[in-house]
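Trainee: First to last, the protein sequences are chains B and Y. Position 55 of the first sequence, counting from 1, maps to 55 under UniProt numbering, and the rest follow consecutively. Position 325 of the second sequence, counting from 1, maps to 325 under UniProt numbering, and the rest follow consecutively.
Hints may be right or wrong, so weigh each one.
What the hints assert, rightly or not - Cross-link-like lysine to aspartate or glutamate pairs, in silico, DMTMM-like; alpha carbons within 25 Å at most:
#1 Y/Lys41 with B/Glu15
#2 B/Lys152 with Y/Glu189
#3 Y/Lys519 with Y/Asp529
#4 Y/Lys602 with Y/Glu558
#5 Y/Lys9 with Y/Asp426
#6 B/Lys152 with Y/Glu174
#7 B/Lys152 with Y/Glu158
#8 Y/Lys41 with B/Asp122
#9 Y/Lys41 with B/Asp59
#10 B/Lys152 with Y/Glu558
#11 B/Lys152 with Y/Glu244
#12 B/Lys152 with Y/Glu37
#13 B/Lys152 with Y/Glu177
#14 Y/Lys41 with B/Asp54
#15 B/Lys152 with Y/Glu171
#16 Y/Lys519 with Y/Asp533
#17 Y/Lys41 with B/Asp116
#18 Y/Lys387 with B/Asp116
#19 B/Lys152 with Y/Glu33
What the hints contain is simulated information worked out from the structure, not anything from laboratory work.
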Amino acid sequence: MSTEPLATFESSLTEIGVELLRTTAEEFESTLAPRLDEPAVGTPLPFEGVGLPDAVETDPTVADLEAARTGVTAAGYGIADYGSVVVQGGHAGEEPVSLYADEHVAVVAASDVLPDMDAAFDRLAADVREGAGRAVIATGPSATADMGALVKGAHGPMEVTVVLLEDA
Amino acid sequence: MSVDDRRRKAERIRHLLDTEGDSVHENTRVFNEGRYESVAKLDDYESLKDEARSIKEDAIERLPELLDHLTETVEANGGTVYVADDAADANRYVSEVVDGRNVVKSKSMTSEEIEVNDALEANGAEVWETDLAEFVLQIAEEAPSHIVAPAIHKSREEIADLFNEVFDPDEPLETAEELTRFAREYLGEKILDAEVGMTGANFVTADTGTLALVTSEGNARKCVQATDTHVAVAGVEKVVPSVEDLQPFVELIGRSGTGQDITSYLSLLTPPGDSPTFGGDGSDPLDDRDLGPGDDREFHLVLIDNGRMEMREDDDLRETLYCIRCSACANSCANFQHVGGHAFGGETYSGGIATGWEAGVHGQDSAAEFNDLCTGCSRCVNQCPVKIDIPWINTVVRDRINRGKDGDLDFLVEGLTPDEEPGGVDLRKRLFGNFDALARLGSAFAPLSNRVARTDVARSVMERTLGVDSRRELPEFERESLVEWFETRGSRVAPEEARRRVALYPDAYTNYVRTERGKAAVRVLEALDVHVDVPAAGESGRAPLSQGMVATARSNAEAVYEALSPAVAAGRDVVVIEPSDLAMFHREYERLLPEDEYTALKEDSYEVMEYVYGLLENGASVDVLADGNGERIAYHSHCQQRTLDLEPYTLAVLEDCGFDVATSEVECCGMAGSFGYKSEYYELSVDVGEALVDQFTTDDTADRTVVASGTSCLEQLDALLARRPTHPVRLLDGR
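Isolated chain Y, as found in the complex:
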């Protein structure tokens, strides 16, 4: 990316933060909290997700067969099925069916994907969006910014201004109630005038030809009910085998999306059906016409391929087809919450899973526009009702984007960098992706390297050539690494007298930059009678993975396993300080290492505070640790630590030691490794971080010692707060 491109991107993000950020943040926060509350009421949340996942896995596996079955069923019911290869094919078919008649539509992202409204209007049809948010966007001539609540970026005041300007009502509209009544009446007339009702479908059952529509306003019901021609547009991936399969989805979709236990209406339509129509033909809408018999209802199911069958063959993108478009990944994402789908989205789709959709249906270029906004924080992972590994899809697509269209190898550059990537990879990605090598050099030449890096000249060059924002402080490398320190010092607990024996994993930051927390961890473990070793294992692969450098991440993972496997084989536990590296061992290594190696490392590795908790639970005495003596702490748990559900251990240990702990509710600090260093994302990163700062500067928290587990969180808090934050293990260290 050129300097100008970065500047343009930074400006665009700044503009959206200013104009849409507040509305998006307020609404997604409500959705996110609603989801936590609503799923907590389910006894069988995890098993429902497993069930939903397995139904989708099976359906996509058998998709061609199910599509045949569905076609037969719908045709036997008296409807027609058209499988469209792409958007143009779908639009041609739908335009023929509509034939210039008036159309009323309910919300459908798939219809946005194919831009059917434009095609219909070009053929002389009048098309009205009847979902109130879509109606607002139609009037405003804007694109959706959220897949479930498409006008989430607009405030009530903005909508009122828009309506008052466009419709010029006798009395200016002001409240949400007035705006809703107005739109209902306005669109009610359009529905009476319409001859064709168009909907999407959340699910389609192959066994009965039933469409499931998940709605709240009642407009989809009206669009279908009033008209005698129903056109439903849906991606081919919406097919499930049977009606019974709908049950887990019905229980999960509303909760996962807007945090409602269930939406107002779940329509099961098995067209054509015999419900009476309004027989509208454009004549006076207020006439006394009787309801028309429902016997002549016409039904067209238009199933869209548009790249999906290829996604099905793609081992990394296939999971995207399990997506039920609930928006949980968007609502749980810190970057999305702050900037919204107009930045965090492609041509049609937005949020974390959009990378998969855009890469699959519109192509890699559309995904490349926003893919960097996924920081891999993994907050979406436990929220997805079909358990899609959304960060992984983002990583894989980033890797493909890095490699470019032709994947050319530049052998000169290739020979000079230590990674496994082809020559085309962006220089900045290589810088951050090879953090281990950088840190090794920085440490070897410290403190000179730190002084040089701090100079204005160096920062200016870094900003121009690499896009490393000069407003960020760079990490300072320690001359003596943790591994070197430990080699000189040696273990202070004899193996035969030890309670446990552990290998402390020296992640690159702890090893070269924040060595103090590594030393504190060694001392704390030894105080608890643990024999510690610090093997010289390299960077976990987290750094290259976050840049989409999968091959380098794999080779790092293999090297780490080789360095740690003797300890694992000897029955020692692996203790990890940095949560993002433990998350590599527990999550991403499944995709990078052979299964047995992944399992062995996962089963024997622990976050350091989790490990201390385990020691205390198994008889070690808390008295050997520093006494908190009521010291007031404000603790921020790391995003990936939260995903692994490890926050409670740190909290319990700190409280056990006598600290008075308040915790942050903000789930992500916004720094996310290299993300906050990048000049085009610096302001977004700070915007996300400010939410955390707000929580740590209240009356109750402003005087508390700030504590955080993640390196990135510590850097962000250090930059944004006057107080210097610290890692929790340092609080336990008697020294």
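For reference, chain B alone in the conformation it holds in the complex:
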């Protein structure tokens, strides 16, 4: 993977007000810890050698979700041009965890950052055909202008942070 999509990814994220944290599998927990406002909920991460701290509830109740300040999930891939992350919602609850907390922390592997929407749809189409029931191309926090001015944080998260695993 060339560094170009990563640089584009970072500048796209900056443009939409999303912070990018670069880290490695080994450094993951220490990178995440200061970002983890509790209570926190999460879903298991599929990256080798990467786990969630104990403080993260991975089997949340409805009330846990409602109360969560941080929700940590993996993102299947990133889209550099747009600063988007693709959250695949399966039985572990990626969809509610990424949706209910005040802040969504999306963890993505550097090797999964794709340059553009064309490349993303090639992957999305393949995933859907393999049975991925739910994928959200999420770009920045939820937002609305329906109340007379732009507000970040409508029904979904007010803030999004992307953690990039540079060695994954």
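Chain B is fixed; fit chain Y onto it per the hints.
Mentor: Here is chain Y on its own, set in the frame of chain B:
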């Protein structure tokens, strides 16, 4: 339309201008500017639009086959598909599925079309709109005024007042942030209590049964996630063949609509899926219930026909089915920007494309309510991400409305008017549609005709019988037409010594009313060593077309082609002064003339300032033209001229001649041919024009000479400004 009908319509428009106009204007302006900025970042904007268009063309062509395929796919995935013939059929099915349970909904215009909430509530269900704008409207008991931002007509203050009155919170709500938090919490509880989640779908893929939902708030995601029964309602036209086909739409829809590169969420749902639910059953929402397994999710896809399959068979309405409901046509429309969708809309849909939707799903009467508000300015044409010719759809539906339900021919009236329309056509439409004949008579009897037309008696009769607003000045006809003047004068450049040879097209206004700009054009071209001829070609068809008189427009087009074809055949260029007539040659003639004739005329015709630019670029000397000498100009380009991307030529030539030019950003003057003369639309027309006046009365522009290319723009500016505006070619004329 009777005098009373016109008065009622004028009152309604005035009321909306006063109550909703400011909010709508502010918001649509942000969307419109956002779109320009956002699409400018795309390297391949035009090819994405072509791609999107061809996917829709193919999908609608193969629709029955795709619907079968989609049904098989969804059923194989474990969901059900119901194709509903009409609203009643859809509502019956959805009511059975819901069976009185609590429903949370995300925004869906199609669900507005079938009015499913009423049907569900009648069956005992509680239904909550969770999109914040739809929630506001549900509380206010109002209808959407915009297809993407349905509460665009309400200001923050009005929403705060509404919430404070209805919910009586401990602390009165004030800011957008407070209102949003309140609604989120309020609706959050409704979502926890709900058992059925209802959404629309922006696209549905036949190959995988995937719904694409384009959203920003996250409410659609919650409605589907929390409940175990998902009902999606979508028009049959939303089907595309495959997942890969979604890509151009995903890149275009947010940019085209609200001017965002992409919205916060683009959900691809391939139901049922196995994402856990909240298993809500109306018990205490704050209990410690675990997430329910997603294994028992139930999915119903309700596809609505409701007239769409007939639209598919209709050569003129078919394009409407390509619409992805992005709202670009509404946001780019001057009339919409000023009055909003409560005037510029039918039973459900609003904006330019609404004429097609309303005519197709609710019938012609619903379209007839607002169809006149499309002036054919064509500003929407380049904005539509699937390249729908929206003005044409408006024209065709207007033609059908003119002809009435039975299309009766009144042979007496038929014999007395020179047009090709049946007897039922409104008298005022015939007046404006036959402007050429009117102008010919007015010119023949000038100046007497002008004096008579100006009398109070005449104006009062015109207002009462024809609805021509007496606050407007009427055009004054010249006794000697441009063609007559030129016949007497003759050409001053010998053909064999000429740099180029042209036929100057004498549009009806230049020929009979504003002959000075025609004479100036002749002199300017001759100064640049061009041999000019002014053939007696009639009105282009623009006037009847704007009244929806398509047959008359076609016969005018044929006559114009016959008059100009000898010049075209002899290799001469056709030069056009009036942008709206050049736009006829370049756009509408494609639908009115045989292809070879259309192409020949289009390829050889130019706007006069564009032509001067070309001459200067090819060696002609600017020194023979008048020296601007730093004169300060405020220039307003015509709407159709902008659509054809011709503004830069006028600007370049004026600057080349030494003028100091400021340009207007307002894209439409609001006059739009006959529109501003019509008594029920006079105030809207002036409201639109005032935005232009504001730009031409700033510190920088107030002392500038006002220049405009279009006849209508000149009339509007003349009426609204103290300075008398002029056509740019007159500035170049040394005389």
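Trainee: A separate judgement is required for each hint: does it hold in the structure or not?
Mentor: So, going through the hints one by one against the coordinates:
{"no.": "1", "hint": "Y/Lys41 with B/Glu15", "result": "holds, 14 Å"}
{"no.": "2", "hint": "B/Lys152 with Y/Glu189", "result": "holds, 20 Å"}
{"no.": "3", "hint": "Y/Lys519 with Y/Asp529", "result": "holds, 15 Å"}
{"no.": "4", "hint": "Y/Lys602 with Y/Glu558", "result": "holds, 14 Å"}
{"no.": "5", "hint": "Y/Lys9 with Y/Asp426", "result": "holds, 17 Å"}
{"no.": "6", "hint": "B/Lys152 with Y/Glu174", "result": "holds, 17 Å"}
{"no.": "7", "hint": "B/Lys152 with Y/Glu158", "result": "holds, 21 Å"}
{"no.": "8", "hint": "Y/Lys41 with B/Asp122", "result": "holds, 23 Å"}
{"no.": "9", "hint": "Y/Lys41 with B/Asp59", "result": "violated, 43 Å"}
{"no.": "10", "hint": "B/Lys152 with Y/Glu558", "result": "violated, 57 Å"}
{"no.": "11", "hint": "B/Lys152 with Y/Glu244", "result": "violated, 30 Å"}
{"no.": "12", "hint": "B/Lys152 with Y/Glu37", "result": "holds, 21 Å"}
{"no.": "13", "hint": "B/Lys152 with Y/Glu177", "result": "holds, 8 Å"}
{"no.": "14", "hint": "Y/Lys41 with B/Asp54", "result": "violated, 44 Å"}
{"no.": "15", "hint": "B/Lys152 with Y/Glu171", "result": "holds, 22 Å"}
{"no.": "16", "hint": "Y/Lys519 with Y/Asp533", "result": "holds, 12 Å"}
{"no.": "17", "hint": "Y/Lys41 with B/Asp116", "result": "holds, 14 Å"}
{"no.": "18", "hint": "Y/Lys387 with B/Asp116", "result": "holds, 24 Å"}
{"no.": "19", "hint": "B/Lys152 with Y/Glu33", "result": "holds, 21 Å"}
Consistency note: the structure conflicts with the earlier hints numbered 9, 10, 11, 14.
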